[in-house]
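Number of protein chains: 2
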Amino acid sequence: MNGAESLARTLVEGGVHVCFANPGTSEMHFVAALDRVKEMRCILGLFEGVVTGAADGYARMKDRPAATLLHLGPGLGNGFANLHNASKAYTPIVNIVGDHATYHRRYNSPLTSDIEALARVFSGWTRTSLDARSVSADAAAAIAAARTSPGQIATLILPADAAWTEATDWLTPVPKVAASPRVPSDAVRTAAKLLSAGKPTLILLAGGALRAEGLALAGSIASKTGAKLMAQAFNGRIERGIGRVPIEWLPYPVDSAIKVLSEFRQLILVGAAAPVAFFAYPGKPSLLARPEAEIHVLSRPEEDGRHALEWLADELNARADSLKINSSTQRGAATGTVTPEALGASLAVLLPENAIVIDESITTGRGFSRPTQGAAPHDWLQNTGGSIGIGLPLAVGAAVACPDRKVIALQADGSGMYTLQALWTQAREALDVTTLLFSNHKYVGLRNVLTSIAGPNVTAKAYDMLDIGKPDLDWVALSQGMGVPGMRVETMDEFNRAFAGAVKSQGPRLIEVAL
Amino acid sequence: MNGAESLARTLVEGGVHVCFANPGTSEMHFVAALDRVKEMRCILGLFEGVVTGAADGYARMKDRPAATLLHLGPGLGNGFANLHNASKAYTPIVNIVGDHATYHRRYNSPLTSDIEALARVFSGWTRTSLDARSVSADAAAAIAAARTSPGQIATLILPADAAWTEATDWLTPVPKVAASPRVPSDAVRTAAKLLSAGKPTLILLAGGALRAEGLALAGSIASKTGAKLMAQAFNGRIERGIGRVPIEWLPYPVDSAIKVLSEFRQLILVGAAAPVAFFAYPGKPSLLARPEAEIHVLSRPEEDGRHALEWLADELNARADSLKINSSTQRGAATGTVTPEALGASLAVLLPENAIVIDESITTGRGFSRPTQGAAPHDWLQNTGGSIGIGLPLAVGAAVACPDRKVIALQADGSGMYTLQALWTQAREALDVTTLLFSNHKYVGLRNVLTSIAGPNVTAKAYDMLDIGKPDLDWVALSQGMGVPGMRVETMDEFNRAFAGAVKSQGPRLIEVAL
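As they're listed, the protein sequences go chains U and R.
Residue numbering for the first sequence follows this note's numbering, starting at 24 and increasing by one per position.
Residue numbering for the second sequence follows this note's numbering, starting at 24 and increasing by one per position.
With the rest of the complex left out, here is chain U (with noise of 0.2 Å):
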């Protein structure tokens, strides 16, 4: 058995079963070793920021690693951007990247790279295999690694003459990966006190906290003691309608997201960081809560959110039984229009039990979370990183890790050129992925950014680099290019029935709706 061999069994040993690739000739050992390790699943992006982002999604769904196989320095390149926002997300990776041979690399041929350099920006974890014999510990390593708590990206470079050397005989077991620590007694009965001192106190979750089970716990601690519950503004992955706690995630505007803050007096963080602007603006500060507020960490991302939820509960004598649920709001689709409240009725009311939603909609998409509470039971998935390009490829994932359950991606125009490749993936493997296309021709977030910048006096010069409409995109078109049948909607009423139409079919699908 080859290095290449020796790396793939071991993958496949320490739980590991699926590899997004797109691999190229230093790569293509372990290409060839795929035919002698049948338990691994091998699916083929045609641009990288599709590997990587499906890795991403599908480590949100399954709670544990896929590996990626990228093509030395410029694959990881093309796949920095969604392995950015995975890092993020904190979601597990083994992130595979061939190397010229070691010894190759001195003649700084065309595609040699510092690619270790590259890696280390995003990763957690890198590595790279110096011989055949090492593979099988260093995949291990990589394995345990990723699986870390809260996650991370391990990289794993893998020079060509360590693929094609022969290795040794024996796999590498994983290293035993701790579990997630608990939080310490102080953080417990200091979160008690706050809340149990009458001010008015947020409790920011994130991470396994937003689960059901984690929001059940902070649903009843919130119903003892009058919190207010919220999520951070950007997140892997939250459990949500009937059935579920009511949660928002923070507003992404600077202003909005102040005002939330302002009632409250005391912010207790579970996995989540204290709220800051995602962009500086002038005048404006960083820091969103306000300033006197006592901010108290009940558990960093690394620690075992649900267990300091249920012993913050035990310790409040806080009960499941008083808990609010979310209840079915629905009220009919809407009609008429297309508008971003209309799009919101309608989704609350004809998402499909257990769907995945990817959330890359943006502008569009800015009122979904309310009407959406009472949809039925699904879970959300968020652009952590803000590197936008996640969606189709996120939704990729997402539909491989549960092929059982209809994902469906809720995608602006601007966002889904940047790995639009995605869709040939989707086709290719029949994913049961519905993708919403939001289609305003327009950066119309950017084009908020200049008005508030350059007042009434900007011109059409600068506002042309913030429309995307010219000319227009034909979203059907290019879906049905890379094979996944598309149609347009322009009214509430044929977005309704394509919708509706869509859910109840098999396989993947795209929606151009037309704003």
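Incorrect hints may appear among the rest.
Since copy identity is lost for identical chains, a pair holds within one copy or between any two.
Quick list of in silico lysine-lysine cross-link-like pairs, DSS-like style, CA-CA up to 25 Å [claimed, not checked]:
hint	residue 1	residue 2
1	K199	K85
2	K465	K484
3	K493	K61
4	K282	K251
Keep in mind that the hints were calculated from the coordinates and are not lab data.
What you are looking at is a predicted structure, and each value in this text was computed from that prediction instead of being measured.
The hints should help you fit chain R onto chain U, whose structure is shown.
Structure of chain R alone, referenced to chain U:
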């Protein structure tokens, strides 16, 4: 004038008149400043790989840098692959990356990452402007750095507060950039001695020596001494066709390159590196010349290769009147089935005078070099860094640089998918680009590698990873979805008719060539 305007004006004063851009919130002050700086043309790409590849193509044709405008670390990451390629072509680029406000970075908001570390992987010069008053001096230094021979990427990171704060009213002029240094006389005398020794000698050319003037000098030397000329395997720009000195480039496959080089006992390098294998393969050498061959550097990449050739020609008393030049070898366009050979024959006839040929045809185009020697005079631009996805963006930049010349992009399908968004910019700017999209539905180069590794026993699972034809991409739909008229041809007659028609018309066209 704020820092952003100071930057835009310094660029214009420094001869940088085009900015390829994909801006975000942190770059919005620069976008707003464009309104007040009429001399700066700003061209939008819907993905950063388009932006950086276009800047490469522009500078290759203009011999002066364009600017890019990218959005924080992930924007730079998306642009990485084509910046890698540009760095290997020694292309001058002023690469501008917006960042968070200096005081905001510490809060680690979602888009925060180590931009400088990322930039250093491919940049010859990297600097962060620390305040608005430094911006003009930093921009002037960036232009000078980019233009320093042989050309490099200068990355200037612009924090948002350096952009929006009031800057100085005066602009820093670009420091004088030293001309390419001349080679030492020893280098010329040694070359002359080697060429007079009667041993089989290859003069291997790269960079500026591949323009018509350098080639004519090299051709005179070759005629006088019996040396053979070749270009290195991948080149930024070669002036070729009828009336120019015939030159082919070293073949990509290792065995072919070794065979070509086996006849030479001496290599004289003019701006080129000693030939190395693109990838290492088990049992094959990294260095491709005969081990005992004497390798002499006439000029390094940063030295003046044209002048070195002139000096050497003088030394050898080599005269232009003995020059062999290309004459027309056109025997009529090919008919019948579409094959790489037939395409090469038709290209030779149909390439319009003064065309700019962008070559990312990969396996399909391996044989295009010889027949097109006899085509009308043209420039030939290759992928210098091996990261695929350069072709369509490079065509954008070349067309912007030379609006009165026809750009012909020879584009493989697999590579084209990486940056297909470039078609939209071609449509938006009405660029005169004809893309010949060679559609074989496979990563053919990789299939060859896999077969050579795994032999006849390799099964469908591994080949599936290299098959991009499940489902087939419909390039006509993809092209039209982005506003570029597309058509598909399946015979050489159809090809000849479609290509001749595209050459006669103006504006972007895509012809999908079924192979």
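Results for each hint:
Taking the shortest Cα distances, K199 and K85 sit within 25 Å of each other inside one copy (19 Å), while across copies they are farther apart (58 Å). In this homomeric assembly, K465 and K484 come within 25 Å of each other (Cα to Cα) only inside a single copy, at 14 Å, whereas the closest approach across copies is 42 Å. Proximity of K493 to K61 under the C-alpha cut-off of 25 Å is restricted to the inter-copy arrangement: shortest distance 21 Å between copies versus 48 Å within a copy. In this assembly of identical chains, the alpha carbons of K282 and K251 lie at most 25 Å apart only when taken from the same copy (15 Å versus 75 Å across copies).
Violated hints for the displayed structure: none, as all numbered hints are satisfied.
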